[in-house]
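J.: Here is how the chains run, residue by residue.
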Amino acid sequence: MGRYVIRRLLQMIPVFFGTTLLIFLMVNVMGDPIAGLCGDRQCDPATAARLRTEFGLDKPVWQQYLTYMGNIFTGDFGTAFNGQKVTELMATAFPITIRLTIVAIVFEIVIGISLGVVTGLRRGRPVDTVVLILTLVVIAVPTFVTGLLLQLLLGVEWGVIKPSVSSEAPVDELIVPGLVLASVSLAYVTRLTRTSIAENARADYVRTAVAKGLPRRRVVVRHLLRNSLIPVITFIGTDVGALMGGAIVTERIFNIHGVGYQLYQGILRQNSQTVVGFVTVLVLVFLAANLIVDLLYAVLDPRIRYA
Amino acid sequence: MTIIDKTADVPAPRGSNDESGPLLEVRDLHVEFHTRDGVAKAVNGVNYSVSAGETLAVLGESGSGKSVTAQAVMGILDMPPGRIPKGEIFFRGQDMLKMSNEERRQIRGQKIAMIFQDALSSLNPVLSVGYQLGEMFRVHQGLSKKDAKAKAIALMDRVRIPAAKERVNDYPHMFSGGMRQRIMIAMALALEPDLIIADEPTTALDVTVQAQVMDLLAELQRDFNMGLILITHDLGVVADVADKIAVMYAGRIVETAPVHEIYKRPAHPYTKGLLESIPRLDQKGQELYAIKGLPPNLLHVPSGCAFNPRCTMAQDICRTEVPALRPVTEQDGTELVGRGSACHFWKETIHG
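Chains as they are written, first to last, in full-length UniProt numbering: chain G, 1 to 307; chain Z, 1 to 352.
Hints listed in this document are in silico derivations from the structure and should not be mistaken for laboratory results. Quick caveat, the model's predicted, so the values are computed rather than measured. Cβ atoms here follow ideal geometry from the backbone N, Cα and C, with glycine treated the same way. Certain hints may be false.
Just a sample of chain G residues kept apart from chain Z, beta carbon distances all over 10 Å, derived [to be verified]:
#: 1; residue: Val5
#: 2; residue: Leu10
#: 3; residue: Leu214
Derived list of chain Z stretches under chain G, where covered just means 3 residues or more per stretch with a C-beta under 8 Å from a C-beta of chain G [to be verified]:
#: 4; segment: 114–124
#: 5; segment: 236–250
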């Protein structure tokens, strides 16, 4: 197990450098960061040139990348367009997005798995068909449509929630945005759980559990669910990274000042340091989430052993 | 080993209220499955009974309804698509088909237990064997986790799994096939049930292990004075352990007999065919006999005797009339106890 973890951690190093380099190059293609600094007006050429040397933008790209990576390892992620340190932005943005992600994951687990179990055990019945159609609708409709619709209905028309989240973003204000963020994954979790349950319900060991005279509840929870959740947990684990990075749309709609919002601002202002910095951290989150899922797999299924 | 001694001297009167009658009695049981292609009649009027300490072997090829009958007795049929349109299953004089789900659950595991064919898929892969064995005591007797584990270890000792204490936390995939089957047996035995149904307990094992497992099963049955229904398609396995045999074909019992008689003088052409298709050392080099044709499609069971398309003795009456299970007699008319045959020409088969 220990050796496996070390090997996986070592494998992360090339992935880390590869992804950051790709992002760095892509941001570079995006356009002139100095032009972004000046906003909509044309830049004063003298100022632009001065800024270019100040930020080291006159050097070749590979040198810029090396300098940037060097800075990252000393904890310096650079400055954002408004002069704030990128690390400061991260310190305010990440807690908010993590909160939002947790709300979304809780929705996925509670609603997704419950619906999956109910439909999986009643395959082909009306409940199953209705939920299946609903998940199809949720998957088919883009997040921004569901988000805007809920905001309009709940926030503006009926006044149940505040249409925009305050800058502190407490959990209660994040419930509806969390649901919107979770919606598509929730539908997938439902379907995945349903298939897994329906398939395992016919397994021999479930029949054995029934033959042992166990109460139905115990058969379902201890024997059926325990086995059926293995693929679902894998999905939810990898989804953590996807949710954190994919919150851009949701955060825009509900005006949440999290990671997505800052990334959006960074792209808009062509501020490479913000974009690369945030994405780098997201890459790390993604890698860590994947590793944890793989390790969890061995815990959940004793047949899997890592050496 | 002390455990064996302790249980050995108490063959104990089993059960209390209904001592006289058989432990289990299946009467005119019908089971059908509703599929997209039609109704598959898996069991068509099966009758059999088992008493305490007795071993009934149910013999038949795949799809003959032997497992389905057992599942109906156990109450683990998938319903739907399964359905029991007719029949009664008496356990200690009470019809189990009229009981509530909860009453039946109480019987499962405690009074009637089942051993399944493929122990690897029948044991839960993600739970330790100790947990799965202990679960019986925790659910049915309300024991604590710790006590249940101690009982589980004792059980594993009882079925002679070496180093039970060290292996109690192992998972099913870490055991060999024979050991896994022993765990299945231990699980069925846990609450000392009155009746055990073993559904092809040795099919997935190699021959030497088969013998060990069968011996163990027979020994435990003697010690606990249990009724045993042994479902198999292996005539060789049956000979040593069974008291009586019921041969099934297309969801019906076609022949019943005490075990040794059937080998000497089968009274049904199907049984005869089965016996002749056993490889024998003295026929080395000759072609092995095989019953021609295929088992019937249960969606369209042949009219009359279901075996008629494959039977060498079939005549017109076999295609029109379903033969009932009739008592078999000697040529002079003296009754052969426990023998019956569902063949129009049983006389010709047994005496001819």
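J.: Does Leu214 of chain G sit more than 10 Å from chain Z, CB to CB?
T.: 5 Å, violated
J.: Run the C-beta distances from Val5 of chain G to all of chain Z and say if the shortest one exceeds 10 Å.
T.: 22 Å, holds
J.: Check the non-interface label on Leu10 of chain G: least C-beta distance to chain Z beyond 10 Å or not.
T.: 30 Å, holds
J.: Are 3 or more residues of the segment 236–250 of chain Z near chain G, judged by a Cβ distance of less than 8 Å?
T.: violated (count 0)
J.: Just to make sure I understand the rule, a stretch counts as covered if three or more of its residues have a C-beta closer than 8 Å to a C-beta of the chain. Does the segment 114–124 of chain Z meet that for chain G?
T.: With 7 residues close enough to chain G, the hint holds.
In summary, the structure is inconsistent with hints 3 and 5 from the numbered list given earlier, while agreeing with the others.
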